[in-house]
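> Next come the chains, spelled out residue by residue.
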Amino acid sequence: MFNLTRREFLQLGAASTAALAAGSGLSALAQADELARGGKDFGRKSHKERQGIPSVCLQCVSGCGIIGYVEDGRLVKIEGNPEHPNSRGTICARGQAGVNQVYDPDRILYPMRRVGARGEGKWKRISWEEALNEVAGKMRELRESGKPHEFVFRYGRNRVTDYTDRFFDAYGTPHRLNHTTICEGSKQVALQMTWGKGRELADAAHTKYVLNFGCNPYEAHTQHSSLVQRIVEGRVENGAKLVTFDVRMSNTAGRSDEWFPVKPGTDAAVALAMCNVIMEEQLYDEKFINTWTNVTVEQLKQHLAQFTPEWAEKISGVPAKDIARIAKEFAGNRPRATTLSYRGVCAHYNGTISERCISLLNIIIGSIDQKGGYGVPKGPKFADVKPKPEKVKLHSELAKPKEYPLATHTVSQLGLPLIKEGREKVSIYMTYVNNDAYSYPDNNLMTEILKDEKLIPYFVAVDAYMGEATALADIILPDAIYLERTHLDKDDPYGMVPYIALRQKIVAPLGEAKSFHEYILPELAKRIGGGMEQYYAYGTVEDFMTVQLGKTPELLSEGGLDYLKKHGVWYDKTKKPAYKAHTKEVKPEDLVGTTADENGVITKLDDHGKPVYVGIMIEGKALKGFSPDKHFDTGGKIAVYSKVLEEKGFPALPTYVPIPEHQNLKADELIMTTFKVNVHTQSRTANCKWLSEIYHENSLWMHPEAAAKRGLKDGDLVVVTSKVGSQKIKLRVTEGIYPGVVSFADSVGHSAYGRIASGKQVTDAEDVEDELVWWKDRGAHLNSIIPVTVDPVGGNQGWMDTVVTVKKA
Amino acid sequence: MSKGEVRYGMVIDLRRCVGCHACSVACKSENDVPLGVFRSWVKQVEKGSYPNVRKHFLPSLCNHCEKPICVRNCPTTASYRREDGVVLIDYDKCIGCGYCIASCPYQVRFINPLRGTAEKCTFCQHRIDNGVVPSCVNTCNGRARVFGDLNDPNSEIAKLIATQPVQVLKADSGTEPRVYYINPDAGAMKGGYGPDSKVHLERGRNWSLSTTEKGRE
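Chains as they are written, first to last, in my numbering: chain A, 73 to 881; chain B, 11 to 227.
Hints are computed from structural coordinates only; laboratory data are not their basis. These numbers come from a predicted model, not from an experiment. Where hints are given, some of them may not hold.
As the list claims (entries may be wrong) - DSSO-like cross-link-like pairs, simulated, lysine-lysine; straight-line CA separation at most 27 Å: (1) K652(A) <-> K269(A); (2) K53(B) <-> K785(A); (3) K120(A) <-> K637(A); (4) K848(A) <-> K53(B); (5) K57(B) <-> K785(A); (6) K57(B) <-> K781(A); (7) K313(A) <-> K169(B); (8) K373(A) <-> K359(A); (9) K57(B) <-> K748(A); (10) K53(B) <-> K313(A); (11) K117(A) <-> K103(B); (12) K53(B) <-> K748(A); (13) K393(A) <-> K57(B); (14) K313(A) <-> K57(B).
Stated by the list, open to error - Sample of chain A residues facing chain B (criterion: CB under 10 Å; computed from the structure): (15) G110; (16) K112; (17) H119; (18) E121; (19) C164; (20) H296; (21) V300; (22) E305; (23) M321; (24) W331; (25) F332; (26) E765; (27) V845; (28) W846; (29) W847.
Claimed, not checked - Which bits of chain B does chain A cover? Going by a derived footprint, with three or more residues having C-beta under 8 Å, they are: (30) 38–47; (31) 53–59; (32) 142–149; (33) 154–164.
Note that the Cβ used here is the ideal one computed from N, Cα and C, for glycine as well.
Could you build the full structure based on these sequences and the hints that come with them?
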């Protein structure tokens, strides 16, 4: 579409408003001679049209559609792709700054081998041949000696799991350590054990009421741009109300219609009291509860009666009258009302159980999967590329420690500590887009383990930047970043119609960087041999993707991969939003060969004789229901009562679980929480000069009363002490925080990651703006004083639970 | 303004602004704006006392005034106003004297540290002349920014101005800005509009003295 004339573009805009609809911005296109909203860019000096290549952003995980503009072979600009159904042509500051990721002067561009002591920072450039032979040689030796399970793969933002799973299944190691529980693992577990899907999709664009618990979509979210633009749309165009419960005045809280500061970890008490009010006031959806949940109205009423607003006020600090008022407003807008929740709820010791309490609000008002309600995401399915190696059956105590059987997204923060404990022997540790020496709790401990050559004899980092962890590697394989590689991508669709996107190479990998899934993995497999090579007979990554698209004939009929290369994204424009998918009837042909059990659950046996969920009998009809997650048998309905929780000794019905450390706090103790800011993504963006210029120094937020009590004032340097350590940071005294809480933003305070992030150069390369970097203060990173903690159900790190004292430095 | 004459302007609807700085960075990238200076910026204001605290955002950029003091005060006629209302700088004529910077009531001008000349938002002249909205409008997450022809009654911007109460910054300065705000916070509209106000602008000027030769285009 990039060669269209302006007139053609306008016609396209008028014809396919579903693709381009971007709020009020387009409504006048047909009448007025408006300028085009996007899809084209021009050189500032040359005025020549730039070459635009559509792709998918990866500055965070939202997966917004982008167009990369290239001039003289150089990526000069990134914009939103107007055809993308989720992000609809917009991207955030991080997405715009993707250009900085390519041309970071401290980027690692050649394979390097450590020559000094581990972590000393002395490197020798080597050839790819030498690097691959070394890594493959060690991997082959391990595998041939029957010990592939001494290989550990640790990854951060991995969007190529189709390829990495294939490789490590073929290799034979069960140790795939992801990072989900240092983010939102417990939220996903809570949702999976409640209704099957681990994700939620608030239909914010069409809602009348958003009840937000500890989520900050104005600054960050797993679908940041896509969600926030719909919240704005809902508010401005439908008059939707946004109410936020947060310990801190985030940008979301500061722009909400109402903000209620809440004591950390007590959101569940507020939600339960609201549920109680809704039941007492008869504002619930009786039919939905009785039909689609595994509890009755009477059971719920009885259970919730104990959670009065007055009780919740004592626990949370939120006034009882406000709890009752907001509950009635929320339910009064049903079904066009939804909750939002994120790390403010799930990154606690009680994260999973609390998240289930928030979900209950949507369930009792029957807003589940309704227009303007709380949606169940629908995703496309990719076909398997054969031959595909069998899944490794060995158990991994590092990924799935025996103490946490319900933590189905692994317990990321325990990976390294369990290596130290000797739970599994490690010979090779390979990382991919990972920085466990920065991003994890107690990161000094993580650093110590990574440095220990007895625990980790060989450390391979696949990375583009010298992060705190990669700096401890023995060998570095320079990775092609997201703007330099190609693979399929998908995410939950706000349009309620599945879409498939293509992350495609916009510029060639810089220097000698190589793509992990396109080059490094196949090359290693060939060199390791022993049967691994057979799984790489598929040819190129294009051949791989072509097979994957085989389950989507509608896309193939429009050109398949060629369509994606041209447009960057595809969805079936003839499909209507699939609300209330659970009420759809199962197709007669899908019922052939099925059986229904005494609860009406319809299953069919697969090739291995295992029953697979097909649907559920409701009032004599076979309906799709809520498809259970593979880990939890929720039986086609919403499991408000969780048998699996009961079996493991946890509360089966949603309830409030106090955080042990927060009971009986001493007079000088405070609870420390963490947060994200609108221009950074975790450990990964402080190297972007345009982002760090805006946000480079963080501070510890503290309420004026708490500061006065300690004789502290705004701007003071303070020492924060927890049970695992002390660290200095600058104080920010603000009215925007719960008095018993202090809070700091992550993403800055790097001790490595290059000159922009830390002031420490990695390479000798010069940047034209080196002398213009005007900021010296790069903030503080307080992860070192956050102990490793685990939500005993879902496994989440309790980021928001740390008890600290604060004194003047 | 006669019919048929294009008069460009921008509306920033602060009900829709999420303060995300996508505009700030898009502008850096689109216009090669060096570190230390910004053509486009989002001011943040925190107001109230606990627990009744609010946040307000105020994106700012050149107002492309109908009566620009900067143009009037430029001794070399480097600063000029196009027929469509876009205020621009001819870098060949600019001597970097800084009079325009001092005379702008909105602190949107600075000396480019690499070029040594005055600089500011051009409404992405190179884009609008080719039929595409400015980069900040293109990327705006909340769709708070609307750009178009104020003289075309059918344009979205004209309709917005006709149906919504709008305000301009420092209306009493007589400059007649062509950047309009819907629902701005009165407090945020006072005082400085730039990044940490003066600091960066002055730095930019100082740097230009030492790096002009090295960085001159």
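> For this structure, which hints from the list above don't hold up?
Structure breaks no hint.
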